[in-house]
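Based on these hints, arrange chain B on the given structure of chain A.
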Amino acid sequence: MNSLDAFKALSREFNDQLRTHSPSDLNYAILIPTLRCNLRCSYCQVSRADFNSKGYDWSQTKTDDVINYLLKNSTQDLKVEFQGGEPTLRVDLLGYIIEKVSAFRPDATFVICSNLQELTTELLSILENDKVYLSCSLDGPKEIHQANRTFESHLTEQFFDNLDFILSNFGTDKISLLPTISDYSKVNETIDFYFEKGLKDIFLRPVNYHGFARKKFRKESEDIKSWQVAYQSGIDYLFAKNERSKHKLAEATFSIHLSKFFNPSSKNYVDLRNPNPLGKDYLVFDYDGAIYPTDEARMMSRIGLIDFRIGDIKTGLDKKSVEEINLKNSNIGDATCNKCRYQSFCGVDNIDKISRYGSLDLPTENTFFCQNHLSIFKFVSNKIASKSEIDIKNMNFHLTGFYEPTTLFSGYYND
Amino acid sequence: MIDLTIRFTGIETITEAFVSKVVKFEPMLVDSSCTNLVRDDDGKIFYQGQLISFESTNSLDENEVVLIFPKEGLIQRFYRPQSNSNTILITERCDQCCMMCSQPPKNKDYLYWNLYKQALLLVEDSAVVGISGGEPTLEKHDLLDLFEFAKTNRPDITFHVLTNAQHFVEKDILRLSEIAENILWGVPIYADTPELHDKIVGKPGAFEALMSGFSILLKSNSRVELRTVLIQENMGNLPSLAKFVGKYFQWPEVWSLMQLEPIGFAKIQWESKFADTSLFFDFVKEAIVVSQACGIQIQLFNFPTCTVPEMFQKFCVDSISDWKKKYLNSCDDCSVKESCCGFFEWYDESHGYTNLKAISS
Chain A
30 MNSLDAFKAL SREFNDQLRT HSPSDLNYAI LIPTLRCNLR CSYCQVSRAD FNSKGYDWSQ
90 TKTDDVINYL LKNSTQDLKV EFQGGEPTLR VDLLGYIIEK VSAFRPDATF VICSNLQELT
150 TELLSILEND KVYLSCSLDG PKEIHQANRT FESHLTEQFF DNLDFILSNF GTDKISLLPT
210 ISDYSKVNET IDFYFEKGLK DIFLRPVNYH GFARKKFRKE SEDIKSWQVA YQSGIDYLFA
270 KNERSKHKLA EATFSIHLSK FFNPSSKNYV DLRNPNPLGK DYLVFDYDGA IYPTDEARMM
330 SRIGLIDFRI GDIKTGLDKK SVEEINLKNS NIGDATCNKC RYQSFCGVDN IDKISRYGSL
390 DLPTENTFFC QNHLSIFKFV SNKIASKSEI DIKNMNFHLT GFYEPTTLFS GYYND
Chain B
1387 MIDLTIRFTG IETITEAFVS KVVKFEPMLV DSSCTNLVRD DDGKIFYQGQ LISFESTNSL
1447 DENEVVLIFP KEGLIQRFYR PQSNSNTILI TERCDQCCMM CSQPPKNKDY LYWNLYKQAL
1507 LLVEDSAVVG ISGGEPTLEK HDLLDLFEFA KTNRPDITFH VLTNAQHFVE KDILRLSEIA
1567 ENILWGVPIY ADTPELHDKI VGKPGAFEAL MSGFSILLKS NSRVELRTVL IQENMGNLPS
1627 LAKFVGKYFQ WPEVWSLMQL EPIGFAKIQW ESKFADTSLF FDFVKEAIVV SQACGIQIQL
1687 FNFPTCTVPE MFQKFCVDSI SDWKKKYLNS CDDCSVKESC CGFFEWYDES HGYTNLKAIS
1747 S
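Protein sequence lines correspond, in order, to chains A and B.
If you use the numbering used here, the first sequence corresponds to residues 30 to 444, in order.
If you use the numbering used here, the second sequence corresponds to residues 1387 to 1747, in order.
The hints are simulated quantities; they were obtained by calculation from the structure and are not laboratory data.
Among the hints, a few may not be true.
Said to hold, decoys possible - Taking lysine-lysine pairs in the DSBU-like style, the calculated list, with each CA pair at most 30 angstroms apart, reads: (1) Lys1700(B) x Lys203(A); (2) Lys1605(B) x Lys37(A); (3) Lys275(A) x Lys108(A); (4) Lys108(A) x Lys229(A); (5) Lys129(A) x Lys277(A); (6) Lys422(A) x Lys1605(B); (7) Lys1605(B) x Lys1557(B); (8) Lys226(A) x Lys91(A); (9) Lys1700(B) x Lys160(A); (10) Lys37(A) x Lys1526(B); (11) Lys1526(B) x Lys1537(B); (12) Lys1585(B) x Lys37(A); (13) Lys368(A) x Lys254(A); (14) Lys1557(B) x Lys37(A); (15) Lys254(A) x Lys416(A); (16) Lys1700(B) x Lys275(A); (17) Lys309(A) x Lys1605(B); (18) Lys1743(B) x Lys37(A); (19) Lys1700(B) x Lys226(A); (20) Lys1526(B) x Lys1494(B); (21) Lys343(A) x Lys160(A); (22) Lys91(A) x Lys203(A); (23) Lys382(A) x Lys248(A); (24) Lys229(A) x Lys1700(B); (25) Lys91(A) x Lys101(A); (26) Lys129(A) x Lys171(A); (27) Lys1743(B) x Lys422(A); (28) Lys1700(B) x Lys270(A); (29) Lys203(A) x Lys226(A); (30) Lys277(A) x Lys1700(B); (31) Lys1743(B) x Lys108(A); (32) Lys226(A) x Lys160(A); (33) Lys275(A) x Lys1743(B); (34) Lys1605(B) x Lys1659(B); (35) Lys1743(B) x Lys277(A).
Just chain A, same shape as in the assembly (with noise of 0.2 angstroms):
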């Protein structure tokens, strides 16, 4: 072998650990300080608590438990989600842990997951602090919004107005806002608004298969074609638009998978790591002071179909639980990944496939992560292969901001 090609192979063996690399120490913890919500969105993932009920909110031990658990166990870049149930019913918890964090983690950064509909004093003052950011969810005009969460007017009025606040007073780089999906005839109105509204980024995604939203919208859920048909004209009516104007918007679903061609270090998405070794980087302390792997993983065992908790608050990570649900968690070694050429691309999300279909038996072509993961992957490959200026412009936007031509896209990626 020449040298060229034995420095190529062992470039790509470097690139193989990038790929396949998962940092082991908890940098990602989602805290749920209350499960009660003000609003009742017919969507709820996470089956919340009514506003006035008891017992659904950490107390002053539990919330330092988890302080002190966080100081022990996390790495210095540490992330905290504060997600519900709405997490600014329980404010002064927000503000007490994120100071007490910030004291001994001056790096870590907080996400306060929030419906929006009620701006305390309290509230503003804590995102005056400029590592603390919102995510909220938006579905797009008014009238989607309100059928999704609102369901009255005056609590539209509060939240658009809420918005506007924050967004004029903070900027869009304070805040990220979602949508989710349930009409899927109504993608291109929630992409208007999102344009109008002069939003950066947004998160096209289905409605999710748990929770309240797992008997409501069992249909759609499960429906992954026409979730497709209409992802991808979305797509291309989102590329079309960034073409005519001149703010442009990012489709989050379609910078990841695209990345993946491209950048083999690329993991901001936890379902596409491979493996996805769970429990380790990235943890859910609940109301209950359980500890889950996932966000999922908490929405299936609150609906009491099976139960995902890896360890509790009081007592640690629970060691055999986490081995046991680590038991298949890379794509290598799977009869239908291994025949499949985005593998490398891909990854796994055993708690998605135990929650829809009971067990990890099932042949993962037949599973909705599968068609669903798999359906981009080819939709972003015949982009790639397009000759259209447009989507090669929307492509180099997705991936490196620029909306400018490129030859990135004749013929090239790192696999």
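Quick look at chain B alone, frame taken from chain A:
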């Protein structure tokens, strides 16, 4: 321009070369056994109470480390704390002959290994020391020995070594891996084909040898900065080189694209070498795009900010060493002068960039 070698008179007691540090004058410290240079508030320099006079308007800075050659009457400024660039020139010999070389090879060495070791002990904490040539790895054994000495005695120092990486062999891997975290190897690659790379560096087989050098650096977990000087000859190959880098150079820390320094061989037939990126930036843009897509860190060296389209200006680095940097008259009104690399001392406006314009704030 700052002189790095200064003629002086005033040390007659000693003939052997020695290392000295410039310290602030304090009456208690006058001591005839002290080898420090003492600097008073006016910038006057004394050695054991005797005034040193320089043939230069430059003085020495406090805490600066110098090599003193009394017989030759020369002071070599080894480490200046305020500088963005402190470099030891090991040798001017080189086994390549690059068509744009800024420091054409000469048969001249500066192999003062013992002085370098003593000097390293005196530099400030966490210092970055550059090593350049010629080709410093022509003295590979002593060079690695110097790094091992530093690793043991001053593990806080990091070295930035400019090398063609063609002199490493398999059995260097162990030594390289032991000093890996303290050394950043700056290695040039000019094209993704042997034909073009070898032509530019003036050495048949260079590309082949370079690839085996990269393998050794990768195997030893060495830290690498990839460097590409841009000239007309390789500009057309840049998009293709970028894809090569995106695919096979995930492991280096950064890729530096470098504008040409107008000195040495570069000045000969300058018109056929200098690629005026203020007129035509597309291939550089393509390299930036490809590297961003592939997750490769990229930086633009020696690109004055105003020659780069606005959206790519964030990749510009203040890269020109302080001692050979200048600004033009038109830079006075520029709002980004502070962060701009400026121009090489020997930059000639009549043969330079077509589009230069002070950036208003």
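Evaluated hints:
no. : hint                    : result
1   : Lys1700(B) x Lys203(A)  : 22 angstroms, holds
2   : Lys1605(B) x Lys37(A)   : 13 angstroms, holds
3   : Lys275(A) x Lys108(A)   : 33 angstroms, violated
4   : Lys108(A) x Lys229(A)   : 22 angstroms, holds
5   : Lys129(A) x Lys277(A)   : 38 angstroms, violated
6   : Lys422(A) x Lys1605(B)  : 38 angstroms, violated
7   : Lys1605(B) x Lys1557(B) : 11 angstroms, holds
8   : Lys226(A) x Lys91(A)    : 39 angstroms, violated
9   : Lys1700(B) x Lys160(A)  : 23 angstroms, holds
10  : Lys37(A) x Lys1526(B)   : 25 angstroms, holds
11  : Lys1526(B) x Lys1537(B) : 16 angstroms, holds
12  : Lys1585(B) x Lys37(A)   : 22 angstroms, holds
13  : Lys368(A) x Lys254(A)   : 22 angstroms, holds
14  : Lys1557(B) x Lys37(A)   : 20 angstroms, holds
15  : Lys254(A) x Lys416(A)   : 26 angstroms, holds
16  : Lys1700(B) x Lys275(A)  : 21 angstroms, holds
17  : Lys309(A) x Lys1605(B)  : 29 angstroms, holds
18  : Lys1743(B) x Lys37(A)   : 43 angstroms, violated
19  : Lys1700(B) x Lys226(A)  : 27 angstroms, holds
20  : Lys1526(B) x Lys1494(B) : 16 angstroms, holds
21  : Lys343(A) x Lys160(A)   : 28 angstroms, holds
22  : Lys91(A) x Lys203(A)    : 29 angstroms, holds
23  : Lys382(A) x Lys248(A)   : 17 angstroms, holds
24  : Lys229(A) x Lys1700(B)  : 20 angstroms, holds
25  : Lys91(A) x Lys101(A)    : 15 angstroms, holds
26  : Lys129(A) x Lys171(A)   : 38 angstroms, violated
27  : Lys1743(B) x Lys422(A)  : 29 angstroms, holds
28  : Lys1700(B) x Lys270(A)  : 27 angstroms, holds
29  : Lys203(A) x Lys226(A)   : 14 angstroms, holds
30  : Lys277(A) x Lys1700(B)  : 20 angstroms, holds
31  : Lys1743(B) x Lys108(A)  : 43 angstroms, violated
32  : Lys226(A) x Lys160(A)   : 23 angstroms, holds
33  : Lys275(A) x Lys1743(B)  : 26 angstroms, holds
34  : Lys1605(B) x Lys1659(B) : 35 angstroms, violated
35  : Lys1743(B) x Lys277(A)  : 29 angstroms, holds
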